[in-house]
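Novice: Those protein sequence lines, which keep their order, are chains P and R. Under my numbering, think of the first position of the first sequence as 1, with each following residue one higher. Under my numbering, think of the first position of the second sequence as 1, with each following residue one higher.
Calculated from the structure, these hints are not laboratory results. Just so you know, even glycine gets a beta-carbon here, dropped at the ideal spot from N, CA and C. Fair warning: there could be bad hints in the mix.
[What the hints assert, rightly or not] Facing chain P, according to a computed beta carbon distance under 10 Å, are these residues of chain R, among others:
{"#": "1", "residue": "P21"}
{"#": "2", "residue": "L23"}
{"#": "3", "residue": "Y66"}
{"#": "4", "residue": "A180"}
[Claimed, not checked] Simulated restraints, written as ranges between beta carbons of each label pair:
{"#": "5", "chain 1": "P", "residue 1": "A118", "chain 2": "R", "residue 2": "P21", "range": "31 to 41 Å"}
{"#": "6", "chain 1": "R", "residue 1": "P26", "chain 2": "P", "residue 2": "A118", "range": "19 to 29 Å"}
{"#": "7", "chain 1": "P", "residue 1": "H109", "chain 2": "R", "residue 2": "E86", "range": "55 to 65 Å"}
{"#": "8", "chain 1": "P", "residue 1": "F40", "chain 2": "R", "residue 2": "A75", "range": "36 to 46 Å"}
[As the list claims (entries may be wrong)] From the derived model, a few chain R residues whose C-beta atoms are all more than 12 Å from chain P:
{"#": "9", "residue": "L22"}
{"#": "10", "residue": "P26"}
{"#": "11", "residue": "R92"}
So the chains spell out like this:
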Amino acid sequence: MTAIMALLLDRIKAGREQKPGQQIWPPTAFAAVAAIVQMFGLTGLADLESERPRRETLTPGERRSLFPLLSAAQYQLTMAILQEYDNPYLGYARTPGEITISHQLWQGHAKIDPMSLARTSLTAIWRQQSAGWPK
Amino acid sequence: MWQLLRGTTEIIVQDGFLYVPLLFDPDIAAAVAAGGGEGRAAVCSCEATDLNAGPATPLLQRQGHYFIQSLSLAALVDHYDAVFPEEYERARKACLGEILSRLATCRPLLDSTLQAILFEVFPYFLRTRIGKKRPQGRNVEAVLAALAASLPTPVRADSLLRALAEQVATLQGVVQWLAARQAAVAALPPPPAGGPALQQWLHQALQARIIARELARRQEELAALQSWQHLPERQLAVLLILAARGAAEVDGIGFCRDAKRSGAYWVYKRSGPFVLQDYYGRPYLFPDCRVAVSTAGPFQPVVLDTYKHPLLRRLAPRQPICLTDYQPPQEFSAPAVIRALQEGLNALYYGYNSRKRNGYNSLDGLGQHHSVVDFADWRLPKNDPRLLSGELEVKNR
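Isolated chain P, as found in the complex (with noise of 0.2 Å):
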């Protein structure tokens, strides 16, 4: 191989180590609750701690807005939340119950990565976390 050859392929190799690979779009937490609201039909901060029968998730057919539009009581309580849960992984939540383990999991672990948190669900991370298992 010749030096020119080499010196191509390390440019290459630099080039495509510099390039961002997948990125992931930053959910904002008042989408990510403002769905909540709407799709759980949550009308009061106590909702969150109540241990009525509900729905698991959201379906995949329910993505949440990028841009979402609320009532006027809708918006209240979504800004109640907010105020009440303030966090960086409240964007990531889909349950009501997320909403509150978010809290707790940003004050116990607050450096777990983005990509993480968009594959993986905060209940699963909040389980493994409490288990103790590596970071």
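The hints should help you fit chain R onto chain P, whose structure is shown.
Specialist: Frame of chain P; chain R shown alone:
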């Protein structure tokens, strides 16, 4: 739409506009807070305006709830047929149920395409002119007189005339019925502020709109039919026969229905027999053919008959004529048809150059392209009496 009005969503009507509850996100909430005030609050910098109702602010505050301006009621009623065509058709059938069966037999005597053919294209080619100047506008009576002369006499159209009289009587009855209904629904109250009464008001407004539109349409049709009734009986009979047949020909210019496309016609002009000569001066007799253009477009002249010519690709019917500097128009009009016919005839007469041997085929079988048709069977002797007497003209001499 009716679901929206019927539903639980609270709707307010003010200044002729529907106001629906405002939906929020952080940006909208910030904008409302920035422009917030008591009563009517102008949040957006752009103010919605209505020509009838005057300027109106896009946001209302009632009992602590915000409402955003949406549709204008007048615009909703005006454009209901375009926005909700199926619902409009249902409402129309419900509103005009009594007269729709009577209207089924009422059809315009001539459609606009046939009128343009008869009274704009035909006069251009027919010798209806008086003096040197071509008559301007529609020369209805002269065209009908020429058509009547071309039809076999006597023209009998008693049944058609009776049907026309019945149609006029039916339309008069329908117009009277519609006028009475319009008088009944004309006094429409102002729209209610909201609630179930709004749905009822919109239904009434829609009915009034349907009746007004139908009345205008039927009055126009009645006036058109009555204008034809003023014609002399023989000419009116000719017109009725033409409308029923959908085909006519006078002095080489004619039209017929396009069997493949509904509502379209072929307008044609006969070329008459003519002679072209090849490179060696040998004459070829081209028989009569119909150069035509379809009113449905494209406005490219074709030869309707099975025909061969140097500017046609092969021996087949409905072949487009090869034209170099002709851009066919995009929409139907009488001038477009006239120009297409003239371009086609001129191309057949004068388009072939025996020295250049242009076109798809050459008369003598030589040239750049291989000829797929042979013209030897149309060759004439040079001393043909019709040529010597001038009865046949060599066009490309």
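Novice: A separate judgement is required for each hint: does it hold in the structure or not?
Specialist: Hint check:
| no. | hint | verdict |
| --- | --- | --- |
| 1 | P21 | holds (7 Å) |
| 2 | L23 | holds (4 Å) |
| 3 | Y66 | holds (7 Å) |
| 4 | A180 | violated (47 Å) |
| 5 | A118/P / P21/R: 31 to 41 Å | holds (34 Å) |
| 6 | P26/R / A118/P: 19 to 29 Å | holds (23 Å) |
| 7 | H109/P / E86/R: 55 to 65 Å | holds (57 Å) |
| 8 | F40/P / A75/R: 36 to 46 Å | holds (38 Å) |
| 9 | L22 | violated (7 Å) |
| 10 | P26 | violated (6 Å) |
| 11 | R92 | holds (35 Å) |
Hint violations for this structure: numbers 4, 9, 10, all remaining hints satisfied.
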